[in-house]
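Enquirer: Residue strings, one per chain:
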Amino acid sequence: MSGLRIGIDVGGTNTDAVVVDDNGTVVASHKAATTPDPFDGIRAALDGILAGVDTGAITQAMLGTTHPANAIIQRRELDRVGVLRLAAPSSLAIRPGADWPTDLLANVVGPTAIVGGGFEYDGTEIAPLEVEAVKRFAGECAGKVTAIAVSSAFAPASYDHELRALEILEQELGSDVLVSLSHQVGTLGLLERENATILNASLFGVARRVVDGFHAALLKHGIEVDSYLTQNDGTLMTAEEAVRLPILTVGSGPTNSMRGACALAGLGDALVIDVGGTSADVGILVDGFPRESSAAVEVGGVRTNFRMPDLISIGLGGGTVVRGGAGSVSVGPDSVGYRVSTEARVRGGSTLTLSDISVAAGRLQGFGDKALLDDLPSEVVEQALRWVDDQIQIMAERMKATRSAVPLIAVGGGAHLVADKVGGTAEVVRPQHASVANAFGAAIAEASGAVDRVYRYESLGREACLDDAKQLAVEAAVRAGADPDTVRITSVAEVPMSYLPGQGCRVQVKAAGPLAR
Amino acid sequence: MRELTLDDIDNLVLGATLLGTGGGGDPYIARLMVRQAIADYGPITVVEPHELDPEGLVLTTAIIGAPTVILEKIPSGKEFASGVKALATYLGKEPVAMMPIEVGGMNTIIPLATAAELGLPVIDADTMRRAFPQIEMTVFTLAGIGASPMSIADEKGNLAVFETANNQTAERLARSTVIQLGLANAISCYPATVAQVAKYGIQGSMTYCIELGRLLFAVQRGEEGAYDAFLEFAHGRKFFTGKVIDIDRRTTDGFAKGTVVLEHLDDPSRTMRVEIQNENLIAFEDGVPVITVPDLICLLDHENAQPITTETLAYGQRLDVIGLPCAPEWHQPGMLEVVGPKAFGYDVEYTPMEVTAK
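So the protein sequences, as listed, match chains G and P.
Start counting the first sequence at 1; every next residue gets the next number (my numbering).
Start counting the second sequence at 1; every next residue gets the next number (my numbering).
Treat the hints as calculated values from the structure; they're not laboratory data.
Don't take every hint at face value.
As the list claims (entries may be wrong) - A few chain P residues facing chain G, derived, Cβ under 8 Å: (1) Leu71; (2) Pro75; (3) Ser76; (4) Gly77; (5) Lys156; (6) Leu159; (7) Glu311; (8) Arg318.
All residues carry an ideal CB built from backbone N, CA and C; glycine is no exception.
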């Protein structure tokens with residue numbers, strides 16, 4: 001029997017939804033403005049897509065949402081968090097919460113302590129876990145916080161102390177306080193991982209409301225199926241896992257959009273340009289996953305070590321303002337944004353925008369009255385278009401990793417600005433259903449697993465170490481729901497440890513695969 | 001004498017990242033350390049040598065270990081102070097100032113935190129004005145000043161003070177000690193008098209690094225003319241703007257060795273190859289060496305002018321390759337044996353940047 005999947009993506013502006021069958025065909029789609037209470041939008045989206053669909057055939061539901069990111073950015077609905085670091089006597093030189101924006105710090109961080117514990121790079125203890133200090137810390141937290149973040153030195157490789165601290169905290173505080181452990185949240189880099197763990201713990205309440213709200217909205221249509229949330233890297237976690245690890249969902253929007261666009265176009269390797277009203281973003285997918293940026297990612301002003309898609313953005317969109325006459329045309333960077341529908345010249349407004357240029361050049365049809373542009377010199381149109389074409393070509397060239405030409409997928413409300421031929425690219429593809437690419441990206445997302453640890457190649461040899469890491473990543477992906485028969489390794493990165501004799505190497509491996517039926 | 005402001009420290013951190021030429025550890029951790037040290041112990045002052053007793057003792061401190069380990073095992077802070085105190089006790093003399101060994105990378109900043117804790121000023125000088133991977137790669141080695149007696153300390157109270165016959169042995173002994181002590185330790189070496197620092201050290205390094213950072217921030221903000229002002233101050237030049245099309249990394253004997261190849265953004269027929277051993281060491285354009293160690297090869301993100309470290313280099317990155325001449329104090333007999341291309345195993349002649357610059 002053929003199953004159907006629901007994908008919903010709640011973005012800053014729009015809430016998209018699709019129903020997709022096993023072949024990846026869009027059966028129904030819906031796009032509406034995101035509502036002040038996002039669940040109104042989710043309910044409306046479900047009403048929109050499920051009207052003519054056999055809800056009994058639905059097997060899974062996926063949600064990508066900006067709820068947690070917005071909670072952090074707007075400092076709303078965040079839980080207060082006790083912060084416990086297991087690393088003393090190391091790490092005392094930098095206390096938890098250093099370098100946080102003061103308002104977020106005041107909102108989120110409760111009692112903090114750095115106590116004896118944690119591990120060296122070789123797996124030996126920095127110090128035995130200071131049990132009495134953990135109990136004292138629990139006492140300080142009682143009644144003051146609803147969550148606790150625990151981070152220990154080298155937890156990605158050795159997390160015994162974090163597990164032991166969890167037991168002690170649960171004994172002391174019962175189940176009123178939820179605990180987040182750093183080895184489940186982040187990778188190497190104690191401060192960034194601790195930051196991410198604190199943010200994660202502060203989102204427990206938000207995450208519970210999101211998942212409950214999603215389930216309630218589904219249940220209203222009689223749908224009780226496995227449900228998932230999408231992560232930053234374009235893969236899925238179960239709703240129950242998302243309640244414990246909500247921080248991993250922030251920033252899934254651009255990833256869903258790019259992966260969705262690529263899959264709608266039936267491509268695995270491609271450039272994606274998303275042209276909106278104000279700006280255009282270009283990214284690149286390799287084997288169906290966005291290339292990640294190497295820069296440290298800030299979430300709400302806090303440094304974390306998450307990886308986000310590598311994107312270049314410029315001020316080029318449908319509402320971008322065009323000034324000057326023939327020979328002196330200048331474009332942007334300002335934009336009238338969503339007001340383009342009233343302020344553009346072809347809509348009877350008084351501002352010349354790139355949408356007007358697109359209408360004059362015949363790239364955009366059915367948007368307004370072309371006759372309103374009769375007095376516009378053709379040189380102005382040509383010069384503005386040349387600027388647009390140059391900028392898009394430069395962005396595409398810069399994003400490519402090799403000299404070979406790859407396809408360029410154009411999506412977004414301003415995609416009409418992208419010419420049918422762009423230098424340096426093989427072809428310009430405009431997939432069907434591109435307007436709901438985000439939701440489609442969520443619907444087709446896969447389950448994944450990751451490993452990030454330090455190996456000593458001289459003991460086992462490089463191949464054996466890499467095989468071990470790959471095996472662990474595959475096992476993690478299968479635990480996350482991937483089909484064991486189709487799970488594959490999606491990335492392997494080796495970073496040698498410098499200034500260290502021998503062959504220490506940090507190995508990061510990811511595996512992903514379609515959900516097991 | 002002047003007090004460092006928090007702005008000075010941010011400028012110093014960015015300047016130090018640049019002068020790290022890809023290595024030297026991420027100064028972000030050191031920045032947070034010094035901010036906490038100032039909050040806990042009070043402000044830091046920078047002094048020039050002539051403001052101090054010429055016979056006064058100047059001690060250094062630095063972090064020694066593996067940057068990847070330091071990301072997990074953040075310093076305690078105490079290891080630096082205890083290493084400095086142990087060396088002072090061994091020498092039977094109290095220090096009058098702290099000095100960074102290398103103004104480049106995180107070790108630019110660490111001595112500031114220790115200076116705040118010990119209530120000492122920081123002298124406006126160093127022995128590299130860039131980052132180098134080994135202890136003997138200093139202008140003090142050229143002047144015959146010993147790296148030892150030196151101390152190595154960890155956060156648990158383990159401490160070693162030792163003397164060696166030469167600076168190369170000091171390097172080997174320090175390295176093997178650190179492996180036993182968890183790969184993130186404090187070292188204090190090259191004890192010197194104020195007079196020696198004034199005569200043999202690189203002068204004004206801290207001020208230089210702060211100014212470099214200030215000018216680079218202006219570039220990052222996209223200020224008109226800022227890039228030229230930055231290059232002019234450093235006597236530097238932009239040699240190449242390209243995209244990483246090939247990157248090869250391997251670890252041998254503790255060195256993260258690598259080669260990165262860039263293809264020019266405007267002219268794909270031009271390529272630049274940069275050879276790396278923790279730091280960027282030699283840049284070849286179409287096979288011809290154009291920037292050679294000890295001159296500095298700095299890789300900046302083409303979009304936002306952020307210095308790129310060796311560990312974050314990635315395929316497809318768009319970079320500016322900037323050459324900066326090394327501190328003039330390096331230009332003296334013996335330089336090439338200690339820090340020239342052949343000292344790193346390259347069969348390439350040192351060509352001062354001024355000569356290759358067109």
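Enquirer: Confirm or reject each hint.
Expert: Hint check:
Interface restraint check for Leu71 (chain P): the shortest CB-CB distance to chain G comes to about 5 Å, inside 8 Å, so the restraint holds. Look at Pro75 (chain P): its Cβ gets to within about 5 Å of chain G, closer than 8 Å, so that hint holds up. At a threshold of 8 Å, the smallest CB-CB gap from Ser76 (chain P) to chain G is about 5 Å, leaving the interface hint in force. Here the hint on Gly77 (chain P) is kept, as its CB sits about 4 Å from the closest CB of chain G, short of 8 Å.
Annotation: interface hint on Lys156 (chain P) holds; nearest CB of chain G at approximately 6 Å, less than 8 Å. This hint is violated: Leu159 (chain P) has a C-beta 14 Å from the nearest C-beta of chain G, more than the 8 Å allowed. The beta carbon of Glu311 (chain P) is positioned within 8 Å of a beta carbon in chain G (closest approach about 6 Å), and the interface hint is therefore held. Hint status for Arg318 (chain P): holds, given a least beta-carbon distance of 5 Å to chain G, under 8 Å.
Of the numbered hints stated above, the single one contradicted by the structure is hint 6.
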